[in-house]
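Visitor: These protein sequence lines are chains S and V, in that order.
Quick note on numbering: the UniProt record's numbering labels position 853 of the first sequence as 853, and the sequence is numbered without any gaps.
Quick note on numbering: the UniProt record's numbering labels position 152 of the second sequence as 152, and the sequence is numbered without any gaps.
Quick caveat, the hints were computed from the structure, so don't treat them as lab data.
Just so we're clear, the structure is a prediction, and the values are computed from it rather than from any experiment.
One copy or two, either will do: identical chains are not told apart, so a pair holds if it fits within one copy or between any two.
When the alpha-carbon atoms are kept at most 25 Å apart in a straight line, the in silico PhoX-like pairs for lysine-lysine are as follows:
{"no.": "1", "residue 1": "Lys730", "residue 2": "Lys873"}
{"no.": "2", "residue 1": "Lys139", "residue 2": "Lys182"}
{"no.": "3", "residue 1": "Lys872", "residue 2": "Lys546"}
{"no.": "4", "residue 1": "Lys432", "residue 2": "Lys156"}
{"no.": "5", "residue 1": "Lys716", "residue 2": "Lys170"}
{"no.": "6", "residue 1": "Lys875", "residue 2": "Lys546"}
{"no.": "7", "residue 1": "Lys546", "residue 2": "Lys429"}
{"no.": "8", "residue 1": "Lys143", "residue 2": "Lys884"}
{"no.": "9", "residue 1": "Lys144", "residue 2": "Lys884"}
{"no.": "10", "residue 1": "Lys277", "residue 2": "Lys263"}
{"no.": "11", "residue 1": "Lys875", "residue 2": "Lys192"}
{"no.": "12", "residue 1": "Lys182", "residue 2": "Lys201"}
{"no.": "13", "residue 1": "Lys192", "residue 2": "Lys891"}
{"no.": "14", "residue 1": "Lys872", "residue 2": "Lys461"}
Protein chains: 2
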Amino acid sequence: MDAENLPVINNYLDAGEARLSRMHFHDNQRKVDYVLAYHYRKRGAHPSHSSPGHALAIVSNGEMGKEPHAGGPGDIELGPLDALEEERKEQREEFEHNLMEAGLELEKDLESKSQGSIFVRIHAPWQVLAREAEFLKIKVPTKKMYEIKSEGCIAKKFNEILQKLSSPLKPRVPEHGNNKMKNLSYPFSREKMYLYNIQDKDTFFDNATRSRIVHEILKRTVCSRANNTMGINSLIANNVYEAAYPLHDGEYDSPGDDMNDRKLLYQEWARYGVFYKFQPIDLIRKYFGEKIGLYFAWLGLYTSFLIPSSIIGVIVFLYGCATIEEDIPSKEMCDQQNAFTMCPLCDKSCDYWNLSSACGTARASHLFDNPATVFFSIFMALWATMFLENWKRLQMRLGYFWDLTGIEEEEERAQEHSRPEYETKVREKMLKESDKSVVQKLGTDMTEREDEDDEDKLTWKDRFPGYLMNFASILFMIALTFSIVFAVIVYRITTAAALSLNKATRSNVRVTVTATAVIINLVVILILDEIYGAVAKWLTKIEVPKTEQTFEERLILKAFLLKFVNAYSPIFYVAFFKGRFVGRPGSYVYVFDGYRMEECAPGGCLMELCIQLSIIMLGKQLIQNNIFEIGVPKLKKLFRKLKDETEPGETDSAHSKHPEQWDLDYSLEPYTGLTPEYMEMIVQFGFVTLFVASFPLAPVFALLNNVIEVRLDAKKFVTELRRPDAVRTKDIGIWFDILSGIGKFSVISNAFVIAITSDFIPRLVYQYSYSHNGTLHGFVNHTLSFFNVSQLKEGTQPENSQFDQEVQFCRFKDYREPPWAPNPYEFSKQYWSVLSARLAFVIIFQNLVMFLSVLVDWMIPDIPTDISDQIKKEKSLLVDFFLKEEHEKLKLMDELDLRSQGAGHQSRRSRAASSAPSGRSQLGSIASSGSQHTNV
Amino acid sequence: MDAENLPVINNYLDAGEARLSRMHFHDNQRKVDYVLAYHYRKRGAHPSHSSPGHALAIVSNGEMGKEPHAGGPGDIELGPLDALEEERKEQREEFEHNLMEAGLELEKDLESKSQGSIFVRIHAPWQVLAREAEFLKIKVPTKKMYEIKSEGCIAKKFNEILQKLSSPLKPRVPEHGNNKMKNLSYPFSREKMYLYNIQDKDTFFDNATRSRIVHEILKRTVCSRANNTMGINSLIANNVYEAAYPLHDGEYDSPGDDMNDRKLLYQEWARYGVFYKFQPIDLIRKYFGEKIGLYFAWLGLYTSFLIPSSIIGVIVFLYGCATIEEDIPSKEMCDQQNAFTMCPLCDKSCDYWNLSSACGTARASHLFDNPATVFFSIFMALWATMFLENWKRLQMRLGYFWDLTGIEEEEERAQEHSRPEYETKVREKMLKESDKSVVQKLGTDMTEREDEDDEDKLTWKDRFPGYLMNFASILFMIALTFSIVFAVIVYRITTAAALSLNKATRSNVRVTVTATAVIINLVVILILDEIYGAVAKWLTKIEVPKTEQTFEERLILKAFLLKFVNAYSPIFYVAFFKGRFVGRPGSYVYVFDGYRMEECAPGGCLMELCIQLSIIMLGKQLIQNNIFEIGVPKLKKLFRKLKDETEPGETDSAHSKHPEQWDLDYSLEPYTGLTPEYMEMIVQFGFVTLFVASFPLAPVFALLNNVIEVRLDAKKFVTELRRPDAVRTKDIGIWFDILSGIGKFSVISNAFVIAITSDFIPRLVYQYSYSHNGTLHGFVNHTLSFFNVSQLKEGTQPENSQFDQEVQFCRFKDYREPPWAPNPYEFSKQYWSVLSARLAFVIIFQNLVMFLSVLVDWMIPDIPTDISDQIKKEKSLLVDFFLKEEHEKLKLMDELDLRSQGAGHQSRRSRAASSAPSGRSQLGSIASSGSQHTNV
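With the hints as constraints, model all of the structure from the sequences given.
Guide: Put into C-alpha cells, the structure is as follows:
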C-alpha cells in the first residue's frame, strides 16, 4: 500500500516544476535545514482504511500550507490510540507548535498508514537566522576586504617555489575567494546589515551554519507536556522522536557532473586514491563544522610531524645495524674463547650454559641499545613539545581564518544545556522530597515548586553512590588488568618450566614462550579495550554529569585511564620490573612452589621490551583498523539489510526507488562523536613517545598507519554517517591536556628506560671508571658475578649435566661480591656506583629535557606572528571602518538639521545632544532620528 | 608678577558661583577627565610685557569659549620663538585640534607669561564616551538585576557567622548596591540604550572609565607634523608635552566631611592603623582600574596564604626545639666520652680538635635539620600550587564581578599601539634606506612613502645588534655576580686563614668570618639589585620592542633573571657547593697557593644555609622597605622642594595658596608601573619556597613584611603618585608564569636541599641498613672516616700541637675507605649506597610532589563553581531578556501594520519581511521602521 501512496506525491511534484534537489520543501524554495524523524503506530487503524487521497496533503506552516495546522485535527476520526503513543503524539504536537512559535517553518507528510516513519522537515527563514546569528554572535564576512600581508622578498619567493612544488599534492577544491584577501569579519548584527555583503539571503549562511542555528533552537525549545524538558535531546532520550539530523548536501556517488560539497569531499579527500594529497581542511570545516575540522587538521599535523621522526628513527635503527660489528660487548659475548660458564636458567632440568650461545640476542639488542637511542629519545621528547606547540599555532591560525577568535570558552559552556538524564534525576529527587514534605506543601502552588526545581541541582550527597561506584569499578578494572598481566607472567613461567623439561622443545623455549605470551597479551588488550570502552560509558552515565561537555570530558578521562592501563601495563612490566626480582643463584625468588621468577634474556630486557612493544602496537593497529573500523561496520550494514528484508518492508521498498535525501540520511549510522577516533590516536601517540628509547621504529609504523587512518575516517564521515551537527569550538579540548600529559610522562619513562632497562649507563660507568684503557673491553666480564656451585641449594643443581667441563664457579648477571669476599653475594661497590650513575642520569635527563621543553614552549609563540599582526590590523581596520561610518552619519545629520529646522545657530547644540541617540539608527533611518530631536 | 595674574582668575571665579570641586572646567559643569601638561618658554617676551587682563581668557571649545580657537592667534604679537619651541607649539596645536575633531572638549589658560606650565584640561562629552564605550566593548550594568545564588542551608549559616565574626576586619566602605544582587552587564551599545539604567549621563561612566576612554583617544590620535606619530606617548617622548595624567578625585587629607573615593581609600586602606582590615578591593579597582586592583588582590591573597604556612613553619621549628634533647647524633657529638679526634681545619696553624667542641652547632642544626622539614617542604610545594590555583579562582571571581569575562587577550593586545621609540627606529631605518635609493625615488610622492613606513617594521637583521648586546650584557652580569660570589669565598678563606694564625682570634674565627661574609653578600646584593634594575631597563630599550606590553614583558624577564641570580647565587653556593670540593686530608684542594677550600661547620651545611638565608632575606626586606621605599621618595621630595625654592618661583608661589587639582597632581611623582612592587614580592616568594626545607621560619618573616608592605604600597598609590591610567586587564600576566616557574623549581631545589645538604638521607640509610639495633646510635662514628696522620703532606702538619694525647688516626667527615683497606681513601661502598639513596630520594620526591601538584591543580577547578553557574545564568537571562524585547517589538509592529495599512491579509507577509531590518531600531523609532516597508 506504500507503493500506492508515494507515486502520487511524485506525480504531484512532477506536475509542478522539476525539483532540482531533494533537499527542499515541496515548494522547491525553502531549504530543509534539519530533519526530525519519528516512528508512529496507530492501533485501531487497519491498512486498508486509509484513503490514498490523503497522502497528497503536506502539513506545513509556510505559504504552501493548505491543511489547517500541523498536529491539528486530521486524525481525529481514527480509533483510540495506545496511551503512551498518544502522549508522545501530544508532546510532539506541542514541541512542533513551539518551534513554529520560535519562527521556524515545518513540513511533514501525514500519518496516513497504520505505522511508519515520519520526517518533520524544518526550514529556518531569514528572520530567524538573522535573530539567532545575532544571539550566537556568529561572525560573518563584511563588505570590507583586506590584503593578507605577504612576507618579505626572499620568504615570498621561497614560498612560491614551495607552492609550485606542492601543487600536485593539493586537493582540487575551489578556494573560497582570493587566497590573499580576507573579508573583515564582524559578529552578525541586524542593526548593522549595511556592513555585510548580503546578495542572496538564502545562501548568506551556509548549510552548516543554518543547521547549527536550527539545532540551537531545537535545543532550547521547551516541551511542557514532557515534564517541562528542554530541547530535542531530552525528547529523543524519551523516545518521543527517534532521530534529529541535518541533511547531507546530496549524494557523494551520484553520476553526472552536478557537484556538491559532499561529492567534492569524497573525490578529493575521502578516497584511498588521494592518500598523498593534503586535506581540504577549509572545505571539511565548511561541511562538518569546526569540531570535526579541527580533528582532521590535528590528525593531519600529527601525521606530517611523524615524517621527520620516522626518518630519524630509521636513521637511528640503521646506525644500530651499521655499528653492530664494532660493538665490543656483543663481540665479546659471541667470542667462543671467552668461555663464560653461566648458571643454569632453571632448577634441576636446566644445565650450565655458555654465554656465547646467547650471541644472537646480544647482537640483536645492540640494534636498539646504542647511544643513538639516547639522542633519539631526547629528540622525541622535544618533538612532542614541538608538535604540541605547532598544534597550538595551527589552532590559532585556523581560528583566525575560521573567525573563531571571538569565541570564549565560558561563553560556549554557558550555552550548554543540561543532559536529559541529569534532568530526569533531578526531577526524581524533587519528587521524592516533595513526597516527604507533601503534608506541608499540599497547599502551595505547583508553579512555585517548579521554579524551585530549576534552581535545584544534584548535591554531593546525591552523587555519592555514583562516585563510589565509579571509584570502585575503576579500581576493580585496574586490578583486573594487573591480574591478567600477572596471569600471563605465570603462564610464561610455568610453560617455560614445562617446556624445558622436555628435551625436544628446550632449544626454543624462550621464543615460543615469549611469542605466545605476547599474543595472549595482545588478544586480552583488544578484548578489554572494547569492554573498557563500554564500561567507561556506563560509569559516566551512572555519574549523571550535568552537561554534554562534562559528560564527554569525564568519559574521555575514564576511558583513557582504563585503556592506557590496559595497553601499557604489560609493556611497563617488561620495561621496569621483569628480571628485577629474580634473586641470585642459591637464593632465587620463587613464585608459587618451585617456579623461579622469570629473567630477561642475556641480551638485556630492552630486546624483549622492543618485541613486546612492536607486536602490541602493530597488532593493535592492524586488527583495530581492519576488524573494528572496516569489518564491523560492514557487518552491521549487512545485518541491518538482512533484517530489513525479512521484516515487512512497509516503508522502504517504495522509497528506495526515489528516496528523498532525508530517507537516505536516515538509513545511515548516527554520528556518535569523535572520542574513539581521538582515543586511538592518543594511544598510538603513547606508543610513539613513551618507549621510543627502546623502539625507534615506532614512528614509522605510526606514520604508515595514519596515512590510511586519515582516509578511513574521512570515508566514514562522508559516506557512512549521518551529517553531524556543526559544532563550533576553538580547540580540541581535553585531548590537548592528555597529549601534553603523555608528553611529560614520556620524559620520565624514557629516562628510566635508558637508565634502568638499557645497558647504556653500566657501559659508560665501566668505560670511564673501571676500564683499563678506556674501551669497553672486559665489560661483559665486569657485569657477571661469580657463584660457587657448591652453594646451590639441594635439589636445584642440574640433574644430569652434560656440560663439557668441570664447573666450580658459574657466572650470573649482577653486581655482587664474589664467593671469596668477606661478605659473599652482597651487592658490591660497583652495584652501588652503577645505581648512583643510573639515578643521576634519570635526574639529569628528566630535568634537562623538561627544561628544554619549557624553553621550546617559550621560544615558539603560541600565536604565529603573522596571525597576531593580522588580528591587530583587522581590529584597527574595524575601528577605522566604524569611525568613517560615524562621521558620514554625523555629516548627513547636520545637513538634515539645517534643512529641516532652518535655524543655523542651534545646529551645534543639537548636534551634541542628538548624536548619542542618533547612533542607534542606520543610514536609512536618518530622517526619523532627525525628527526625534524634540523628544530628547 | 605671577601673583598679579592668578588672583584675577580666582576673583573671576568667586564672582560666579562657588566652585564645589576643583576638578571641573571653569563653567563648573564639565568634568576634567584628563590633563596634558607642558612647559612653554617665550624667547622674546619680557615679564613686564604681558598685560594682566589677558590672564582672564580661558581657551575652550565648549560653550564657555570666548576666545576664537585654541592655539589660534593670541600670541602673534610676541617676538620670534626658538625654532624647536615653535615646532613643538605647532605640533601641540595640531594635536589639540585633532582631539577636538575627535569630539573632546579642551580648556587651557593662556600662555601669558614668558615661561611656565600650561595645563590642557580635557573633558569627554557624553557622545564621545558613548561612542568609545561601544568600540571598547565596555560592559556596563543593564536595568536587569538578578540575585546571586546563595549556598545551601548549612553553608549559608556558616557564612553568616563568618561574616559576623569578620565584620570588625572589614573596611567601612559603602558597598556598591546590594551585595546579593548583581546587575546584568552588557557591552555598551548606543543602539540598545534602553537596556541601561542611565539616570545621569555625567556619572554613568565612573571617573576611571572616563579617563580610560580619553586616554584611548589620546593614544590613537595622530599628529602629522610630528613625523606622523601616533598618540600622546610619542609626543611626551619627544618633549612636546611634559606629562599626561587623569585627575585624582580630590584631596585625601582635606579637613571636613566632604568625602571622595581617594579620601575613603586613605582612611580605610592606605594607613598603617588599619593594617588588620581586609582591603576594599572593589573600591581600589574602581579608583585605580583593574590592573592595580588585581595587584592588591594578589598581594592580599598571598599575604593571607602566608598565615597557614607561617603557623606550620613555627610548629615545625618548635618541633625541632622540642626534640633537640632526644636527637641521638647531636647527643653523641656532645658526649665528651666519644672522643673523636678530628683532623685539623687548616694547615700548620690549626691543631687537632675534639668533635665535642662543635656540640653547639650540632644542636642548633637539629632545629632545622629534622624529619619535620621534609614534611614541611612537601607541604610548601603543595602550598605554592594551592596558592596559584586559588589565585586563578580569585582572578576569575573578580573578573566576573568586575565584568571582565568578555575581554580577550588578543583583543587587548590588538589595541596596543607601537612605542614611540620603536616608531623612531623604524623611521630612521626608512630614512636610511630612502637615502640609498634616493636617486630612483626622487620623483615619487612623499605620502606614498609614508604609507610604506607604516607597513614596514624592524626585521631580525635590524634587531641583531640589540639582541647581541643584550645577550652579552646579561652573560656579563651573571659572570659578574658569580665572580663576586667567588670573591666573597676567597675573602672567607683568606680571612679565616689569617685569623687562625692569631691565637687570640682563633676561637671565634668561624663566627666572625661567616657574619662578615654574609653582610658583604647582602650589601653587594642590594647594590647590584639597583644596578641590575637600571641595566635591565637600558637593555630593553636597546632591544626596541614594538609595544608597551612586550616592553614590559621583556623588561620583567630580564630584571627577574638578573635579580634572581643576584639574590640567590650565594645561597645556592652554600646549599649545594660549599664543602663539596674540599678533598680529603692528605690531598686537600687548594685555591690559589696554600689556601684550602672552605668546609662546612661540623653540624652540616644546612645550618650555614639557614644563617645565610635568614640574613639575606631579612636584611633585604628591612633595608629595601625602609631605605628604598620610604627613605628615597622622601629624599626626592625634599630635594625637589629645595630645588623649587631656590629656582625663581614663577609658577608655584601663587598656586600654592589655592592650587587647582591639576596643579596638585602635577607635583606628585608620575606612576611608573607595578614592576618593582611585583618583583619584590616575587623574590620574596622565592625565599619562602625555594629553600624552605632549610629555613621553616621564612614564611613568618614574609608575613610580617607583607602586612606592612600592603599599606606601604597603598599609601604610595593614594598619596604620593599621580593617578595612574585605569588599565583593564584580566590577569597579572607574565608574573603568574614566573610564580609558577618558581613553584616548580622549588620542588627540585627542596629535593636537593633535603637529599644533598641535610643529613636526612644518611641517617635513614644508617638506621635501616647499618645500625645494629635500628636506632641512630653510632651514626656519628659511621659518618667519620679515618686518616693516618703520618700520611699528612710535609709542611701541613699542626706546628705545635697542644692536643692532650698522641694522635695516630684523625677523623674527617666523609665516607672513605680506612687507611688499612686495600685501596685506602677511595670512596667506600657506604658512600655509593648513600649517594644512591640521595639520588633516589630526589627522583621520588620530585616526581611525587610534581604529581601531587598536578593533582591539586586538576582537582581545583580554575573557575569557581558558583561563578561558572552565575555566568551561565547571566547568559540565559540575557537571551531571555532579548527574546522578550524582540517579541514585544514584533507585537507592536503588527499592531502598527494593521493600523497604518488596514490590510489584514498582508500582515503576515510584511511581518516576515520587516522583522529583519526592524531589529536595528529601538522601541522609540518603530514608527519609522514601519514606514520603511516599501523600501525593503
